[in-house]
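Chemist: Whenever a hint applies, use it, and build me the whole structure from the sequences.
Reminder that position 468 of the sequence shown reads as 468 in full-length UniProt numbering, one-by-one numbering, no gaps.
Hints in this document: simulated from the structure, not taken from any laboratory. Model, not experiment: these values are computed from the prediction. Virtual Cβ for every residue (Gly too), placed ideally from N, Cα, C. Accuracy of the hints is not assured; some may be wrong.
Claimed, not checked - Distance condition first, Cα-Cα at most 20 Å in a straight line; then the derived EDC-like pairs of lysine to aspartate or glutamate:
id	residue 1	residue 2
1	Lys517	Glu490
2	Lys301	Glu342
3	Lys55	Glu23
4	Lys307	Glu342
5	Lys52	Glu28
6	Lys108	Asp121
7	Lys108	Glu139
8	Lys419	Glu408
9	Lys206	Glu174
10	Lys24	Asp58
11	Lys99	Glu74
12	Lys147	Asp175
13	Lys215	Asp175
14	Lys24	Asp50
15	Lys24	Glu74
16	Lys206	Glu217
Said to hold, decoys possible - Restraint-style ranges between C-beta atoms, simulated for each label pair:
id	residue 1	residue 2	range
17	Ser31	Trp61	26 to 32 Å
18	Gln112	Asp420	36 to 42 Å
19	Phe360	Asn288	16 to 22 Å
20	Ser357	Asn288	41 to 47 Å
21	Gly253	Gly404	56 to 62 Å
22	Tyr158	Cys417	34 to 40 Å
23	Lys215	Ser452	50 to 56 Å
24	Thr486	Leu239	26 to 32 Å
25	Gly404	Asn323	49 to 55 Å
26	Arg505	Asp272	20 to 26 Å
27	Ser151	Leu66	35 to 41 Å
28	Glu422	Pro285	43 to 49 Å
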Amino acid sequence: MRRQLTLAGRRSRLFSGQRWIVEKLWQEFFSDPSQWWDHRSEKLSARYPDFKHKKRQDALWLSSNLNPSWVEAELAAMAPGTVQSDTFAWNQRFARYVKAGQHEKTIKLFQQIQHEGMIPDTFTFVQVLNSCACLGALEAGRNIHTKVLQSGCESTVYVANSLIDMYTKCGSIEDAQRVFNRMSTRNVVSWSAMILGHVKCGQGQKALELFQQMKLEGVEPNHVTFVAVLNACASVMALEEGRHVHEEIIQRGFESDVIVGSSLIDMYAKCDSIDDAQSVFNRMPKRNVVSWNVIILGHVKHGQGQKALELFQQMRQAGVEPNDLTFVGVLNACATLVALEEGRHVHDQIIQTGFESDVFVGNSLVNMYAKCGSIEDALKVFNRMPTRDVISWNTMLWGYAMHGYAKEAHGHFEQMCEKDIEINHITFISLLSACSHAGLVDEGLHYFDLMSSRFSISATVEHYACMVDLLGRAGHLQEAEHLIMTMSCEPNPAVWMALLGACKRHGNVEMGERVAKQAMQIGPGNAFYRRQQASDPDDSL
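Modeler: Okay, here's the thing in structure tokens:
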């Protein structure tokens, strides 16, 4: 019994000693809160302390039963932000959000720390600007830029680079240029971000000028720079400039880089040099799905669908798994070749790989089946699509129009209106084409009027060409000519050729000669005009 009392006494003295230590720490805390970190907002578990000494790592918990009774009242009396939050701990939280792609949380957290007394550092700004860039949150990015200026961190090259990246990805190249111009020190990342930013904003020539300026200032380009510059060459179809960049890439040993190699293929293909693109592809020591995609799409773009299909088979044999873009390219190849059976085989592979639910792949399947003459299969794919966008609806509508299903096209359009699907100028091109192929003049005139009166869509030259074809097929040649003369935009050869074809069909020699002269004045060298002449060389008026 005596021993039990002794143990109880020891425990009591130990507890009293601990309470005394904790009380002394709280007294020290309230005498100088600036020496402590406030972890209350970013605690990951109850075991983590609420306050921690900056140097000695002493810790305090609000939930401890050792705390004096006066602690809670003293904390309540303290002004917000008296105790600084631990920047390192906050930054770890920012990094976790960014890595997980939780960019909205990153921005909200940054707004929260303004009230918690945390002083953001360069790492903080880089993380939150990255989130703004990913979300395209321009206004939030500008607000953070204001905080950057107040902190004096804009002079840090890493923060300035993040600002440039944020502004270019948010579409404000002017703001990016202002940050770039104020930089006292620029590295290769700064230049690469500005070059890529101008490319994304459709200023390819300016991007090429920046590349030259970068080299004059003695900054060595890296693989990111070359990818950006090759994209610039592709955007303005600067083939010769692209060849010079290719030489520099070889000199600096970047041609074997799979990303640079893929960009070279893309540049040559978009600059109408598919042979050079194939040559680069053949020399690549390593290829990924992007490399295969750009060469397949390049051949499709140049009307070489069979070569694209052969490359797809080689890709599968090489063990490279296709992605959504691969299937889009291959389906386009099948569509251009009207290769229905090949398209069905590709469709089977799409189902096996789980890409049938992808909206872009689904749209390409609808397009392929429609162009290959199987409107039933196109409709089956369309009906099975879990997600449809305006392209899905317009593609199906175009399929109906192409095959002369005017009634189905009309019903499809009514569904679009009922489901509040976006109606755009492409929708009406398909509708007018459907009316033209079915000879429905009154319906075509109705849709042509509806386009502007209900949907506020201005008629383009393509809409006028459809209307001229519609009126011409029905023998309303005078009305068709009058429509051309009163067009709100300049008629192109396609419009005049539509009327010329109608004149030939209905044997109106006088008007045909007049229309032929108009088409010649606009441009007999036009590719469309040459094709029209070549397709019917002996059919003169």
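Chemist: CA of lysine 419 to CA of glutamate 408, is that 20 Å or under?
Modeler: holds (16 Å)
Chemist: Is it true that the CA of lysine 206 sits at most 20 Å from the CA of glutamate 217?
Modeler: holds (17 Å)
Chemist: Given the hint of 26 to 32 Å, is the C-beta distance from threonine 486 to leucine 239 inside that range or not?
Modeler: violated (41 Å)
Chemist: Is lysine 24 within 20 Å of glutamate 74, Cα to Cα?
Modeler: holds (14 Å)
Chemist: Please verify whether lysine 215 and aspartate 175 have alpha carbons no more than 20 Å apart.
Modeler: With a Cα-Cα distance of about 23 Å, the restraint between lysine 215 and aspartate 175 is violated, given a limit of 20 Å.
Chemist: So the hint says 41 to 47 Å: do the beta-carbon atoms of serine 357 and asparagine 288 match that?
Modeler: violated (24 Å)
Chemist: Hey, lysine 108 versus aspartate 121, does the alpha-carbon distance stay inside 20 Å?
Modeler: holds (17 Å)
Chemist: Is 50 to 56 Å right for how far apart the beta carbons of lysine 215 and serine 452 are?
Modeler: With a Cβ separation near 52 Å, lysine 215 and serine 452 satisfy 50 to 56 Å, so the hint holds.
Chemist: Note whether the CB distance of glutamine 112 and aspartate 420 lies within 36 to 42 Å or breaks it.
Modeler: With Cβ atoms ~37 Å apart, the hint holds.
Chemist: Holds or violated: lysine 99 and glutamate 74, Cα atoms, limit 20 Å.
Modeler: violated (38 Å)
Chemist: CA of lysine 55 to CA of glutamate 23, is that 20 Å or under?
Modeler: holds (19 Å)
Chemist: Holds or violated: lysine 52 and glutamate 28, Cα atoms, limit 20 Å.
Modeler: Within the cut-off at roughly 12 Å; holds.
The structure fails to meet hints 11, 13, 17, 20, 22, 24, 25, 26 from the earlier list, while all remaining hints are met.
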